[in-house]
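Protein chains: 2
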Amino acid sequence: MNTYVSDAVIRRLPRYRRYLLKLKKQGITRISSKELGEIMDVTASQIRQDLNHFGGFGQQGYGYSVEDLIERLEDIMGINKSYKVGVIGCGRLGQSMINYLKQDPSYKIVALCDNRPDMIGTEIDGIKVDDKATFQKKMKTDFDILILTLPAANIEGLEEDLKDSKIKGIWNFSMTEIDVKGIHTSNVHLFDSLYSLSYYINHPE
Amino acid sequence: MNTYVSDAVIRRLPRYRRYLLKLKKQGITRISSKELGEIMDVTASQIRQDLNHFGGFGQQGYGYSVEDLIERLEDIMGINKSYKVGVIGCGRLGQSMINYLKQDPSYKIVALCDNRPDMIGTEIDGIKVDDKATFQKKMKTDFDILILTLPAANIEGLEEDLKDSKIKGIWNFSMTEIDVKGIHTSNVHLFDSLYSLSYYINHPE
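Going down the list, the sequences are from chains A and B.
With the numbering used here as the guide, the letters of the first sequence map in order to residues 1 to 205.
With the numbering used here as the guide, the letters of the second sequence map in order to residues 1 to 205.
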């Protein structure tokens, strides 16, 4: 499909997949948009609208095949492919993301960078921590995704380096905006989920 | 307001606030739902509907006061209050969340727990890491929010302890489901944003 799909839809796709994986684990093979909507707390019509952007693959009256839908969602998002990943910032957050990423073998970390002299040259999970100059060279050819787990203050000059790189996407924990044509940035706002939690603490059922 | 508000709306509130804070920083004092919708890539009608759940506070033809709306959103979510926080799991992820939380002084970490003998008794940012028994006692009286940054495998027995605790909300990074009546759990799914990023990498504009 070549139609424009809004970012809100794209951000909902992983959530659909998560719920479907849970259903699959429970041995459920088929589900209607109504049932799925009830579990996910969205309307059946939203589910149908969202999936119709990609061709729509439920059968009228039969619902969705759980397994097929998972596969289609993975195809659409491209999360069954392989990605090479570089990480700038190997502090606590960087190291925990290196660790976290092990859960999905599609994303393979191939390069690390830090500016602290005591980190440069050390290894994390068998990958050497590069200095800036070495990492800059690798950005041109070695990986597709860049994870930013460094403080916003240290980001200077990065946009310039990115223009000249092979990087197609940035998973950005740095709380600063990166704007480079042709590179999509996914900003992670961890506080959002803490703030919605606070709402519920203040509005008990 | 006592009307039921869906989780999808609650999860959008922090995002509204983020965009409004950015506008405020730019010196913008007033904005229409149409303009805000354009910046945020949602419809004006969704913004009006979402905010109407809480009384609706735009003036017809004048839009929203940026500053007022920020304050109202903070009131609604309760993020201008003070929360005491405990953390179970002081590994890489736990330590990075302890660090991350410093950005918002409303959330104060008061207790830490880990099961590794070499961690117990050490201090992180001046707070002692407790063993399980000590932390269990603190759960009854000392804090409102629990952060779970431990592997799912180590969660055994936790639900039982929670029933008997003062805890009102859980910020859950453990990739497992916690289900205790009266305690809201906000599950953090970091992979979601990486998977939407992958979509964009595979569908360049």
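Any given hint might turn out to be false.
Here are the simulated SDA-like pairs of lysine to any residue, each with C-alpha atoms no more than 20 Å apart in a straight line [to be verified]:
| no. | chain 1 | residue 1 | chain 2 | residue 2 |
| --- | --- | --- | --- | --- |
| 1 | B | Lys22 | A | Ser193 |
| 2 | B | Lys22 | A | Ala153 |
| 3 | A | Lys24 | B | Glu205 |
| 4 | A | Lys181 | B | Met175 |
| 5 | B | Lys168 | A | Glu160 |
| 6 | B | Lys102 | A | Lys181 |
| 7 | B | Lys24 | A | Phe191 |
| 8 | A | Lys168 | B | Glu205 |
| 9 | A | Lys140 | A | Lys102 |
| 10 | A | Lys108 | B | Ser193 |
| 11 | A | Lys81 | B | Tyr200 |
| 12 | A | Lys102 | B | Ser193 |
| 13 | A | Lys25 | B | Arg92 |
| 14 | B | Lys132 | B | Pro151 |
| 15 | B | Lys25 | A | Ala152 |
| 16 | A | Lys102 | B | Arg92 |
| 17 | B | Lys168 | A | Lys102 |
| 18 | A | Lys24 | B | Glu177 |
| 19 | B | Lys140 | A | Lys181 |
Covered stretches of chain B, as calculated for chain A (at least 3 residues, CB under 8 Å) [claimed, not checked]:
| no. | region |
| --- | --- |
| 20 | 11-22 |
| 21 | 116-129 |
| 22 | 165-174 |
Here are some chain A residues the structure puts well away from chain B; computed CB gaps all over 12 Å [said to hold, decoys possible]:
| no. | residue |
| --- | --- |
| 23 | Leu13 |
| 24 | Arg17 |
| 25 | Lys22 |
| 26 | Arg30 |
| 27 | Arg48 |
| 28 | Gly55 |
| 29 | Glu74 |
| 30 | Gly91 |
| 31 | Glu123 |
| 32 | Ile155 |
| 33 | Gly169 |
| 34 | Trp171 |
| 35 | Gly182 |
| 36 | His203 |
These aren't lab readings, by the way, just hints derived from the structure by calculation.
Ideal placement from N, C-alpha and C gives every residue a C-beta, glycine not left out.
Status of each hint after checking the structure:
With a CA separation close to 19 Å, the supplied pair Lys22 of chain B and Ser193 of chain A stays within the 20 Å bound. For the hint pairing Lys22 of chain B with Ala153 of chain A, the CA-to-CA distance comes to about 18 Å; that is within 20 Å, so the pair holds. Among the hinted pairs, Lys24 of chain A with Glu205 of chain B is inconsistent with the structure: their alpha-carbon atoms are about 33 Å apart, more than 20 Å. Using a Cα cut-off of 20 Å, the hinted pair Lys181 of chain A and Met175 of chain B is violated, with the two alpha carbons roughly 34 Å apart.
The straight-line distance between the Cα atoms of Lys168 of chain B and Glu160 of chain A is roughly 46 Å, outside the 20 Å bound, and the hint therefore fails. Proximity of Lys102 of chain B to Lys181 of chain A is assessed by CA-CA distance (about 33 Å); at most 20 Å being required, the pair is judged violated. Restraint check for Lys24 of chain B and Phe191 of chain A: satisfied, since their Cα atoms lie roughly 19 Å apart, inside the 20 Å limit. The straight-line distance between the Cα atoms of Lys168 of chain A and Glu205 of chain B is roughly 12 Å, inside the 20 Å bound, and the hint therefore holds.
At most 20 Å may separate the alpha-carbon atoms for a hinted pair to count; Lys140 of chain A and Lys102 of chain A exceed this at roughly 24 Å. A C-alpha spacing of about 17 Å is found between Lys108 of chain A and Ser193 of chain B, which places the hinted pair at or below 20 Å, so the restraint holds. Between the alpha carbons of Lys81 of chain A and Tyr200 of chain B the distance comes to roughly 13 Å, so the proposed pair stays at or under 20 Å and holds. About 16 Å separates the Cα atoms of Lys102 of chain A and Ser193 of chain B, which keeps this hinted pair within 20 Å; it holds.
Our distance criterion of 20 Å between C-alpha atoms is broken by Lys25 of chain A and Arg92 of chain B, whose separation comes to about 29 Å. Restraint check: the Cα-Cα separation between Lys132 of chain B and Pro151 of chain B comes to about 15 Å, which is no more than 20 Å; the hinted pair holds. Of the supplied pair hints, the one linking Lys25 of chain B and Ala152 of chain A holds, its CA atoms being roughly 17 Å apart against a limit of 20 Å. With a CA separation close to 14 Å, the supplied pair Lys102 of chain A and Arg92 of chain B stays within the 20 Å bound.
A C-alpha spacing of about 31 Å is found between Lys168 of chain B and Lys102 of chain A, which places the hinted pair above 20 Å, so the restraint is violated. About 16 Å separates the Cα atoms of Lys24 of chain A and Glu177 of chain B, which keeps this hinted pair within 20 Å; it holds. A distance of roughly 52 Å separates the Cα atoms of Lys140 of chain B and Lys181 of chain A; the hinted pair therefore is violated under the 20 Å criterion. Three residues within the 8 Å Cβ limit are the bar, and the region 11-22 of chain B against chain A gives 6, so the coverage statement holds.
Counting residues of the region 116-129 of chain B whose C-beta sits closer than 8 Å to any C-beta of chain A gives 0, which falls short of three, so the coverage hint is violated. By the rule of at least three residues with a Cβ nearer than 8 Å to a Cβ of chain A, the coverage given for the region 165-174 of chain B holds, with 4 such residues. Non-interface status of Leu13 of chain A relative to chain B is broken: a Cβ of that chain comes within 12 Å, the nearest being about 7 Å off. Its beta-carbon lying about 8 Å from the closest one in chain B, Arg17 of chain A breaks the requirement of being farther than 12 Å from that chain.
Its beta-carbon lying about 9 Å from the closest one in chain B, Lys22 of chain A breaks the requirement of being farther than 12 Å from that chain. For Arg30 of chain A, the non-interface assignment is confirmed: its Cβ lies about 23 Å from the closest Cβ of chain B, beyond the 12 Å cut-off. At the 12 Å boundary, the C-beta of Arg48 of chain A stays outside the reach of chain B, the nearest C-beta of that chain being 16 Å off. With a cut of 12 Å on Cβ distances, Gly55 of chain A stays outside the contact zone with chain B, its closest approach being about 14 Å.
Separation of Glu74 of chain A from chain B is inadequate, the least Cβ-Cβ distance of about 9 Å not exceeding the 12 Å criterion. The Cβ of Gly91 of chain A sits about 8 Å from the closest Cβ of chain B, inside the 12 Å cut-off, so the non-interface label is violated. No Cβ of chain B comes within 12 Å of the Cβ of Glu123 of chain A; the nearest lies about 15 Å off, and the non-interface call holds. Against chain B, the non-interface label of Ile155 of chain A holds: every CB pair exceeds 12 Å, the least being about 16 Å.
The beta carbon of Gly169 of chain A sits about 4 Å from the closest Cβ of chain B, which is not more than 12 Å, so the claim that it is off the interface is violated. A Cβ of chain B approaches the Cβ of Trp171 of chain A within 12 Å, the least distance being about 5 Å, so the stated non-interface status is violated. Annotated as non-interface, Gly182 of chain A brings its C-beta within 12 Å of a C-beta of chain B; the closest such distance is 7 Å. With a cut of 12 Å on Cβ distances, His203 of chain A falls inside the contact zone with chain B, its closest approach being about 8 Å.
Hint violations for this structure: numbers 3, 4, 5, 6, 9, 13, 17, 19, 21, 23, 24, 25, 29, 30, 33, 34, 35 and 36, all remaining hints satisfied.
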